[in-house]
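J.: Listed below are the residues making up each chain.
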Amino acid sequence: MPELPVIPAGTVLWEETVAPGAYWTRVVRRGDTVRIVDVDGAGAASLLAFNADEPSERYNAPDTVKIQNTILLTTGRVLFSDLGRVLCSITGDTAGRHDTLGGFGNAATTLERYGPGRYLELRNAYHRNARDNFVAALGRHGLGRRDLVPSCNLFAGVAVEPDGTLRWIDGVQAPGAAVDLRAEMNVLLALSATPHVLDPRPTYAPGSVRVTVWRGPAPAADDPCRTGTEEAVRAFENTAALFSSPEPVVHA
Amino acid sequence: MTVTEAARDVARARLDETVGPGEPWTHVLAPGEVLRIVDIEGNQAVDTLLYNAEDHEDRYSAADTIRAQGNIFLTTGSQLLSSEGNVLATIAGDTCGRHDTSGGACSAESNTCRFGHHTRPMHNCRDNFLHGLAPLGMGKRDLVPNINFFMNVPVTPDGHLDIVDGISRPGAFVELRAEMPTLVVISNCPQLNNPCNGWNPTPIRLLVWPPD
Chain A
1 MPELPVIPAG TVLWEETVAP GAYWTRVVRR GDTVRIVDVD GAGAASLLAF
51 NADEPSERYN APDTVKIQNT ILLTTGRVLF SDLGRVLCSI TGDTAGRHDT
101 LGGFGNAATT LERYGPGRYL ELRNAYHRNA RDNFVAALGR HGLGRRDLVP
151 SCNLFAGVAV EPDGTLRWID GVQAPGAAVD LRAEMNVLLA LSATPHVLDP
201 RPTYAPGSVR VTVWRGPAPA ADDPCRTGTE EAVRAFENTA ALFSSPEPVV
251 HA
Chain B
1 MTVTEAARDV ARARLDETVG PGEPWTHVLA PGEVLRIVDI EGNQAVDTLL
51 YNAEDHEDRY SAADTIRAQG NIFLTTGSQL LSSEGNVLAT IAGDTCGRHD
101 TSGGACSAES NTCRFGHHTR PMHNCRDNFL HGLAPLGMGK RDLVPNINFF
151 MNVPVTPDGH LDIVDGISRP GAFVELRAEM PTLVVISNCP QLNNPCNGWN
201 PTPIRLLVWP PD
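In the order they appear, the protein sequences are chains A and B.
Under the numbering used here, read the first sequence as residues 1 to 252, first letter to last.
Under the numbering used here, read the second sequence as residues 1 to 212, first letter to last.
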């Protein structure tokens, strides 16, 4: 498995480990990068992203796949908001693919696959699910059920057969798999370290997720995420306008 | 693809109206009522959102719908699930064969990325949805990935996704049977920049029957 570059000394702003089954939420400032590591190879890391300055703008899975003409999210791709702007760029990725079709699990899907896992018996090893984690995480920011949209599910592979059938891809998960997301605006992130809803493994086994926010280098002029396609170029023009770029884009 | 057609008496419909291209439409279905959407001239994308009429925060979930049925296409028998796991409606009839719920709705903003900044002023489904929801006190936070009836969005084994010429035809229809009180908001898509409407947005006919 390829490895991401070592984070340069002195650039780390925040680092913590998200416990298996738990959630994490934080605002990452424009220009900073968050490295997310699947420590145990559990493939259990569902992500929602919002414009931290105006959270009604949020991750949009259909626009992300439609504008980039692919369901394969990996290095060089970006996560689109629902306002034609870029929330995050995928600047590094050792997993090769991440899913954004399958959505996230809830109490009913978790019970159906894993059986009962109540707090009563299991205490804090109880079977947490992404939906409830997101409600709890977003609640910290005054957000709630209206703000739940299909997530970006890191370290998970889902393919589509010609007849439309969804197929889980084994083998995407690996201990230490990592992805770098560069914030292209101030982004509010919410991450749930819970199993992917299509993961067929019968045992409830989420893993730890290491999250490191660091100040990466400024994007180069030929940054692949920013220049890869005409569509991305225009999305970054839209994003720059949000921050009153010193070189404003003027459209005829 | 499953193509089914239920015979229903148009004279018994409690509602029968035509919605022009680029127009929104909002309506509440009672449990058991059937909404037929007719693609009058063919290849017209009909962007549709559904909500629990008694709890608008409980709304259509494209991801839960395709996950539960294990397939990204909607057709006869598809249960349209809500974010809270309720069955809002079932596709009770379909003479088109399959419908999209991966591609989402067009917006002024996504149009600028896809087709160029010059397309920003063009009419779009986002605006229609906002107009359709505004009288109910609902807004942008209530917009989630929708259904595109009669729209064709295949995904190849290597992950390529594209909006291509439709597989619908003049007179094709789809029928939704409400399984609970369901708010339906439609944008009869005005997109002119790709083949989703056959480059020519056209009217649709909407009929509602009382429960069988």
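Among the hints, erroneous ones may be present.
Claimed, not checked - Covered stretches of chain B, as calculated for chain A (at least 3 residues, CB under 8 angstroms):
#: 1; stretch: 58–67
#: 2; stretch: 105–118
#: 3; stretch: 155–161
Just so you know, the hints here were simulated from the structure itself, not pulled from any lab data.
By construction, the Cβ of each residue, glycine as well, lies at the ideal position given by its N, Cα and C atoms.
J.: For each hint, tell me whether it holds in the structure or not.
T.: We went through each hint and held it up to the structure:
1. 58–67: holds (count 7)
2. 105–118: Holds: 12 residues of the stretch 105–118 of chain B have a Cβ under 8 angstroms from chain A.
3. 155–161: As far as the stretch 155–161 of chain B goes, the hint holds, because 7 residues have Cβ atoms under 8 angstroms from chain A.
Hint check: no violations occur; every hint is consistent with the structure.
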